[in-house]
Amino acid sequence: MKKVLGLTGNEAVALAAKQCDVDVVSAYPITPQTIMVEKFSEYVANGEVKTEFINVESEHSAMSACVGASLTGARVFTATASQGLALMHEMMYIASALRCPIVMGVANRALSAPINIHGDHSDMMGSRDCGWIQVYVENSQEAYDSVIQAFKIAEDPEVLLPITVNLDGFIISHCMEGVEVLEDDAVKKFLPERKTDFKIDPDKPLTIGPLCLPDFYFEFKRQQEEAMKNVPSKVKKVGIEFGRLTGRTYDVLHTYHVEDADAAIVCLGSTAGTARAIAEKMRKEGEKVGVVKVMLYRPFPAEEFRNAVKHLKALAVLDRACSPGAPAAPLGSDVKTALYEMEHKPKVFDVIYGLGGRDITPTDIEDIFNCVLQTAETGIIEQPVMFVGVRE
Amino acid sequence: MSTKEKPGWKSLPIAAIIPEPGSSMKYKTGDWRAFRPIIDLEKCTGCLLCWIYCPEPAILQMEKKVKVNYDFCKGCGICAAECPVKAITMAEEGAK
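For the record, the sequence lines run as chains A and B.
Residue numbers for the first sequence follow the numbering used here, so the first one is 73 and each next one is one higher.
Residue numbers for the second sequence follow the numbering used here, so the first one is 9 and each next one is one higher.
Bound conformation, chain A alone:
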């Protein structure tokens, strides 16, 4: 029988991490992530898990402890957001380069200044190039499902990269929804104990993290690029296997009414739900609109993306982050880069919205759809980068 629990996104992540039988958690509290690790610390205090919970004085130390633990062959989980993620930035590069399959829940939050605790993607986009796999979820169910899959993807010997599961701060992290959960045994069967070919072991000493000067450094970055290339196929494989277990199959992208659309919205995270609701409404009114939800953001599934949108006339890419001075915001840049090599490609404009937790309303989405439909019809892009929801 299906078991459904009322869980916030944060609680869903904590429960998934618990069922994944993690060996070590090292984390530092920060809004809006705190409940992920607070809930997990309750499991530890109640003796529900055998996990070693390492309390630290900062996120920099949290990630450092996670790296050390992961290198002993342990399964490691942590979580952070915003300034905490920024403070981890340096260690995140080390986690990926030392090939530590750490899973980290990120309740995405704006970066200071001005200080703000609400949801946007500036934090993760600021660490976009840190070599981590990055998955964005739409709701608590996806948060739960993605954490379980994340360990399996990250620990694959052809991947061995850390992964962030990103959920929109407050919008998902604090929103309670019905979440269909698996039995502990089912998770255990899906995700066997971590196996590793190399680890810190006093009986078999080895050197990890040596100095690599210009004659060797480049080769190891090239290895990381190769590992990233292996990720999309693994995500799909794990997603299908997860689907067999739960009925919820995961992929690198999710498309909604895109097959016969003229125009579509491309977005990450919770906004996809609103976009689909509006697309459905507009479909009934005869408008050929669709939604592309990018679930795997790093590595960016460029080939799958091109295939999904090749027949479209126009795309509006929604970015909940900005990259001041760049020709487009992060997702917009990736989309444009992915499409560049196509001979016949959709017209693309970028929409920056929702910074610092500013709400994106159904009316905003409908306006964007109307705008992208107009571009589809005329082939003219009025503004390459639009700001939606900001006061002039």
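Be a bit skeptical, because a hint or two may be false.
[What the hints assert, rightly or not] Cut-off 20 Å, straight-line C-alpha distance, at most; resulting in silico cross-link-like pairs (SDA-like, lysine to any residue):
{"#": "1", "chain 1": "A", "residue 1": "K309", "chain 2": "A", "residue 2": "T321"}
{"#": "2", "chain 1": "A", "residue 1": "K122", "chain 2": "A", "residue 2": "V96"}
{"#": "3", "chain 1": "A", "residue 1": "K293", "chain 2": "B", "residue 2": "A24"}
{"#": "4", "chain 1": "B", "residue 1": "K18", "chain 2": "A", "residue 2": "F290"}
{"#": "5", "chain 1": "A", "residue 1": "K271", "chain 2": "B", "residue 2": "P29"}
{"#": "6", "chain 1": "A", "residue 1": "K293", "chain 2": "B", "residue 2": "K72"}
{"#": "7", "chain 1": "B", "residue 1": "K18", "chain 2": "A", "residue 2": "P282"}
{"#": "8", "chain 1": "B", "residue 1": "K14", "chain 2": "A", "residue 2": "Q295"}
{"#": "9", "chain 1": "A", "residue 1": "K276", "chain 2": "B", "residue 2": "P27"}
{"#": "10", "chain 1": "B", "residue 1": "K34", "chain 2": "A", "residue 2": "T279"}
{"#": "11", "chain 1": "B", "residue 1": "K12", "chain 2": "A", "residue 2": "F292"}
{"#": "12", "chain 1": "A", "residue 1": "K293", "chain 2": "B", "residue 2": "K12"}
{"#": "13", "chain 1": "A", "residue 1": "K293", "chain 2": "A", "residue 2": "P371"}
{"#": "14", "chain 1": "A", "residue 1": "K271", "chain 2": "B", "residue 2": "P21"}
{"#": "15", "chain 1": "B", "residue 1": "K18", "chain 2": "A", "residue 2": "F292"}
{"#": "16", "chain 1": "A", "residue 1": "K271", "chain 2": "B", "residue 2": "P27"}
{"#": "17", "chain 1": "A", "residue 1": "K301", "chain 2": "B", "residue 2": "S19"}
{"#": "18", "chain 1": "B", "residue 1": "K14", "chain 2": "A", "residue 2": "C284"}
{"#": "19", "chain 1": "B", "residue 1": "K34", "chain 2": "A", "residue 2": "P277"}
{"#": "20", "chain 1": "B", "residue 1": "K18", "chain 2": "A", "residue 2": "L285"}
{"#": "21", "chain 1": "B", "residue 1": "K72", "chain 2": "B", "residue 2": "L56"}
Derived by calculation from the structure, the hints in this document are not laboratory data.
Predicted model, so just to flag it, every value in this text is computed and none were measured.
Given the structure of chain A, go ahead and fit chain B onto it with the hints provided.
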């Protein structure tokens, strides 16, 4: 060995791991040296202050006195600075 002759990313161990312990002994750093320490054994009292201070460590303890391991000595000059009897002098490498 030139950079081009070194192993490529496909054959190197993952994550720059060095699976063999103690391999730093194979990486000789003596060619970093610009000045080489020369010990005047007539003056040397065998006090071992140079042996204590050498960060490498590249001062080898002999029966009574010391000698420099030029395979690893980087020529920092700490030994010469610390020697209480001025038995160590730093000579420029390659100078005649």
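Now the hints, each set against the structure:
For a cut-off of 20 Å, the pair hint linking K309 (chain A) to T321 (chain A) stands: about 10 Å separates their Cα positions. A C-alpha spacing of about 9 Å is found between K122 (chain A) and V96 (chain A), which places the hinted pair at or below 20 Å, so the restraint holds. Simply put, K293 (chain A) and A24 (chain B) have alpha-carbon atoms about 10 Å apart, close enough for the 20 Å limit, and the pair holds. At roughly 12 Å between alpha-carbon atoms, K18 (chain B) and F290 (chain A) fall within 20 Å of each other, so this suggested pair holds.
The hinted pair formed by K271 (chain A) and P29 (chain B) meets the criterion: a straight-line CA distance of about 13 Å does not exceed 20 Å. Proposed proximity of K293 (chain A) and K72 (chain B) is contradicted: the alpha carbons are some 50 Å apart, above 20 Å. Taken as a hint, the K18 (chain B) and P282 (chain A) pair is honoured in the structure, with Cα atoms around 18 Å apart against an allowance of 20 Å. With a C-alpha separation of about 15 Å, the suggested pair K14 (chain B) and Q295 (chain A) falls inside the 20 Å cut-off, and the hint holds.
Restraint check: the Cα-Cα separation between K276 (chain A) and P27 (chain B) comes to about 9 Å, which is no more than 20 Å; the hinted pair holds. Taking the CA atoms of K34 (chain B) and T279 (chain A), the gap is near 14 Å; set against the 20 Å cutoff, the hint holds. Under the criterion of a C-alpha separation no larger than 20 Å, the hint pairing K12 (chain B) with F292 (chain A) is consistent with the structure, at around 15 Å. With a C-alpha separation of about 17 Å, the suggested pairing of K293 (chain A) with K12 (chain B) holds against the 20 Å cut-off.
Proposed proximity of K293 (chain A) and P371 (chain A) is supported: the alpha carbons are some 15 Å apart, at most 20 Å. For the proposed pair K271 (chain A) and P21 (chain B), the alpha carbon gap of about 13 Å is at most 20 Å, so the pair holds. Using a Cα cut-off of 20 Å, the hinted pair K18 (chain B) and F292 (chain A) holds, with the two alpha carbons roughly 9 Å apart. Restraint check for K271 (chain A) and P27 (chain B): satisfied, since their Cα atoms lie roughly 10 Å apart, inside the 20 Å limit.
A C-alpha spacing of about 18 Å is found between K301 (chain A) and S19 (chain B), which places the hinted pair at or below 20 Å, so the restraint holds. With a CA separation close to 13 Å, the supplied pair K14 (chain B) and C284 (chain A) stays within the 20 Å bound. With a C-alpha separation of about 17 Å, the suggested pair K34 (chain B) and P277 (chain A) falls inside the 20 Å cut-off, and the hint holds. This hinted pair checks out: K18 (chain B) and L285 (chain A) have alpha carbons roughly 18 Å apart, not beyond 20 Å.
Proposed proximity of K72 (chain B) and L56 (chain B) is supported: the alpha carbons are some 9 Å apart, at most 20 Å.
Hint 6 from the earlier list is the only one contradicted by this structure; the remaining hints agree with it.
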